[in-house]
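Hey, can you work out the whole structure from these sequences and the hints?
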Amino acid sequence: MRNSRILELVKILESHDIGEIEISRWGFKIRVAKSPGKISEGETTTVIQGPSQKNLPNRFVEVAGISEDRTAVETNTVKGVEIKSPIVGTFYQAPAPDAEPYVKLDDHITIGQPLCIIEAMKIMNVIESEVAGKLIKIAVENARPVEYNQTLFIIDPTG
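In case it helps, numbering that gives the first Met the number 0 puts the sequence shown at residues 0 to 158.
Hints should not be assumed to be uniformly reliable.
Unchecked claim - When the alpha-carbon atoms are kept at most 20 Å apart in a straight line, the in silico EDC-like pairs for lysine to aspartate or glutamate are as follows:
| # | residue 1 | residue 2 |
| --- | --- | --- |
| 1 | LYS83 | GLU140 |
| 2 | LYS78 | GLU19 |
| 3 | LYS121 | GLU19 |
| 4 | LYS136 | GLU99 |
| 5 | LYS83 | GLU129 |
| 6 | LYS78 | ASP106 |
| 7 | LYS121 | ASP106 |
| 8 | LYS121 | ASP105 |
| 9 | LYS28 | GLU81 |
| 10 | LYS83 | GLU146 |
| 11 | LYS78 | ASP155 |
| 12 | LYS78 | GLU118 |
| 13 | LYS103 | GLU129 |
| 14 | LYS133 | GLU118 |
| 15 | LYS133 | ASP105 |
| 16 | LYS136 | GLU81 |
| 17 | LYS121 | ASP16 |
| 18 | LYS133 | GLU99 |
| 19 | LYS83 | ASP105 |
| 20 | LYS103 | ASP155 |
| 21 | LYS28 | GLU7 |
| 22 | LYS28 | GLU146 |
| 23 | LYS78 | GLU21 |
| 24 | LYS136 | ASP106 |
Stated by the list, open to error - Beta-carbon label-pair distances, calculated as ranges:
| # | residue 1 | residue 2 | range |
| --- | --- | --- | --- |
| 25 | GLU7 | ASP106 | 40 to 48 Å |
| 26 | LYS121 | SER14 | 24 to 32 Å |
| 27 | ALA119 | ALA98 | 28 to 36 Å |
| 28 | ASP106 | ASP16 | 33 to 41 Å |
| 29 | ILE5 | ASP97 | 15 to 23 Å |
| 30 | ILE11 | PRO100 | 29 to 37 Å |
| 31 | ARG4 | ALA95 | 34 to 42 Å |
| 32 | ASP16 | PRO156 | 27 to 35 Å |
| 33 | ALA131 | GLU7 | 43 to 51 Å |
| 34 | LYS28 | GLN112 | 31 to 39 Å |
| 35 | GLU129 | ILE5 | 32 to 40 Å |
In short, the hints are calculated from the structure, not lab data. Glycine included, each C-beta is placed from N, C-alpha and C at the ideal position.
Structure follows, in structure tokens:
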């Protein structure tokens, strides 16, 4: 998609009372979202995800700052059991904004222990651990959107 088309999406987002626009076509996904916590108020962030290829990570380009996110590469280098999102929604590490997170790095996790909340359509879904072990990676930032089957946590069952 050309930059002029992306800028049109940004203008649509800014001129309407919506928080995010996402378009998927031909293996590419473009998401334009208002991110008040990350950048200054009124600005938008555009993320473009290209098709994944063998031995190459998905490519993320942030148009506002022209930077790349390599979290997909980092997730593949850590060994352990991946806890993935069962639904599309917003990831929250704690039950309330002022509460402590359910889990922290290096915590010992038990089967059935709550790890996070995924909010979908105003419903708070508690995600519980499927394995016991040591939490070695939290792959998502708090209050960020997550996709179906996206890695949320990596747990080392031997830890």
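Right, here's what the structure says about each hint:
no. : hint                       : in the structure
1   : LYS83 - GLU140             : holds (14 Å)
2   : LYS78 - GLU19              : violated (33 Å)
3   : LYS121 - GLU19             : holds (16 Å)
4   : LYS136 - GLU99             : holds (17 Å)
5   : LYS83 - GLU129             : holds (10 Å)
6   : LYS78 - ASP106             : holds (16 Å)
7   : LYS121 - ASP106            : violated (29 Å)
8   : LYS121 - ASP105            : violated (31 Å)
9   : LYS28 - GLU81              : violated (23 Å)
10  : LYS83 - GLU146             : holds (9 Å)
11  : LYS78 - ASP155             : holds (7 Å)
12  : LYS78 - GLU118             : violated (28 Å)
13  : LYS103 - GLU129            : holds (17 Å)
14  : LYS133 - GLU118            : violated (25 Å)
15  : LYS133 - ASP105            : holds (6 Å)
16  : LYS136 - GLU81             : holds (9 Å)
17  : LYS121 - ASP16             : holds (18 Å)
18  : LYS133 - GLU99             : holds (19 Å)
19  : LYS83 - ASP105             : holds (18 Å)
20  : LYS103 - ASP155            : holds (14 Å)
21  : LYS28 - GLU7               : holds (16 Å)
22  : LYS28 - GLU146             : holds (12 Å)
23  : LYS78 - GLU21              : violated (32 Å)
24  : LYS136 - ASP106            : holds (10 Å)
25  : GLU7 - ASP106: 40 to 48 Å  : holds (45 Å)
26  : LYS121 - SER14: 24 to 32 Å : holds (25 Å)
27  : ALA119 - ALA98: 28 to 36 Å : violated (20 Å)
28  : ASP106 - ASP16: 33 to 41 Å : holds (40 Å)
29  : ILE5 - ASP97: 15 to 23 Å   : violated (37 Å)
30  : ILE11 - PRO100: 29 to 37 Å : holds (35 Å)
31  : ARG4 - ALA95: 34 to 42 Å   : holds (40 Å)
32  : ASP16 - PRO156: 27 to 35 Å : violated (46 Å)
33  : ALA131 - GLU7: 43 to 51 Å  : holds (50 Å)
34  : LYS28 - GLN112: 31 to 39 Å : holds (32 Å)
35  : GLU129 - ILE5: 32 to 40 Å  : holds (39 Å)
In the structure shown, a violation is registered for the earlier hints numbered 2, 7, 8, 9, 12, 14, 23, 27, 29 and 32, in ascending order.
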